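Trainee: The lines below spell out each chain.
Number of protein chains: 2
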Amino acid sequence: MREVFQQELREVQDRLVEISTLVAGSIERATESFNESNVALAETVIEEDHKIDELAGALDELAIQILARQQPVARDLRIVVSALRISASLERMGDMAEHIAQLSRYRFPEKVVPKGLRGTFRDMGALDVEIAKKLTELLRTEDMSIAEDIRNEDDKVDALHLSVFDKVLGETWKGAAADTVDATLASRYHERFADHAVSIAKKVQYLATGDWVPQDA
Amino acid sequence: MREVFQQELREVQDRLVEISTLVAGSIERATESFNESNVALAETVIEEDHKIDELAGALDELAIQILARQQPVARDLRIVVSALRISASLERMGDMAEHIAQLSRYRFPEKVVPKGLRGTFRDMGALDVEIAKKLTELLRTEDMSIAEDIRNEDDKVDALHLSVFDKVLGETWKGAAADTVDATLASRYHERFADHAVSIAKKVQYLATGDWVPQDA
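The listed protein sequences correspond, in order, to chains W and G.
Just so we're aligned, residue -15 is where the first sequence starts under the numbering used here, counting upward by one.
Just so we're aligned, residue -15 is where the second sequence starts under the numbering used here, counting upward by one.
Source of the hints: derived by calculation from the structure; they are not laboratory data.
Take these hints with a grain of salt, some might be off.
Which copy is meant is left open, because identical chains are indistinguishable; a pair holds if it fits in one copy or across any two.
Pairs of lysine-lysine residues, derived as DSBU-like cross-links and limited to a Cα-Cα distance of at most 30 Å, are as follows [claimed, not checked]:
| # | residue 1 | residue 2 |
| --- | --- | --- |
| 1 | Lys158 | Lys35 |
| 2 | Lys151 | Lys95 |
| 3 | Lys186 | Lys158 |
| 4 | Lys186 | Lys99 |
| 5 | Lys140 | Lys158 |
| 6 | Lys186 | Lys140 |
Bear in mind that the values here come from a model prediction, so they are computed numbers and not experimental data.
Starting from the given sequences, assemble the full structure and let the hints guide the process.
Mentor: This is the structure we're talking about:
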């Protein structure tokens, strides 16, 4: 029984890594489409988000079946519950990538990234991509030093997010209302993407160490 | 065993109703603080959000203990998993109310709601409050006609959300960048609040009917 359970947990972990890999590809294309106004690339992100949704749904089914079949208790039970929560957060990360891609599609053939913020969004996008790749690695290895890296990079995303508002609300801002809307939404989506990764990293910490992490901590 | 389980499920349901009641109070004060620039009211929302977080965390603990003690399978298992998901969504609804309150605090003593959008935000706010109250009633009664009402009101919130962008991106918009940022974020928070309620309503449908609803459907 215990061996079967361990095998099933490995299957759960493999699937989390698979979904996280898709999310990393999605944010990479989304931020490129956003920064380069590449509408074809944006459309691949939008069209393929359902794959992430389906895989997350299938993983939830597997987790529920494991609960039913193996009736885990104590730490094992919390591992399975954590997997359900991680899957929900990965699904939301995919949604954030999709929203970023949608912004570039809406404005096409206009450039979506307002002048004066291109460098900021390039940096935020690069950080989100880096965070997603590290998250995949963290889910694969449970090496908690990676969780620390993710938190540090999230701090940088938060600082850039605040700098977007400083810019937009500053006296030198000459953007039209459309630029202000785009900057506001894009910055929020980039920031939420990184937040979800931090939240997942905390849950992986539980998987690795047994320190239980409440929801949304 | 079965009877104890039913009793524990009732406890879960009572607690969901309790959290939903707090969320309804929170959005009511948040939207009033937003519409009336009432910073003292905004602060009560911000200060009290941790209560919602704590109750949601305690409910998660209870649900996990029920899984461990009762080892439910089949439909019973999915009911408990649904409760975990509903609790996470209620917690996010509380966050959205808090974000709306934060917007009014940031801009104080300036009015946060841009001219020309006050009616729109009053309507959106009133719909969110109505949705939260109906959600509480739905969780209490499992009367699925209420879920239908919530979906219809969410459609109205979505339409108002789009109308905010029409206004802000239209030629008659004279708002400053700060107004555009506020309108964009506030509209997004109002819309997400209602989305979470719809997502919860679908999960209650499962509790009531046994039709399983995948995550984030």
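Trainee: All the hints need checking, so say for each whether the structure fits it.
Mentor: Hints and how they fare:
{"no.": "1", "hint": "Lys158 - Lys35", "result": "neither (40 Å within a copy, 42 Å between copies)"}
{"no.": "2", "hint": "Lys151 - Lys95", "result": "both (18 Å within a copy, 21 Å between copies)"}
{"no.": "3", "hint": "Lys186 - Lys158", "result": "neither (40 Å within a copy, 44 Å between copies)"}
{"no.": "4", "hint": "Lys186 - Lys99", "result": "neither (36 Å within a copy, 42 Å between copies)"}
{"no.": "5", "hint": "Lys140 - Lys158", "result": "within (25 Å within a copy, 33 Å between copies)"}
{"no.": "6", "hint": "Lys186 - Lys140", "result": "within (18 Å within a copy, 37 Å between copies)"}
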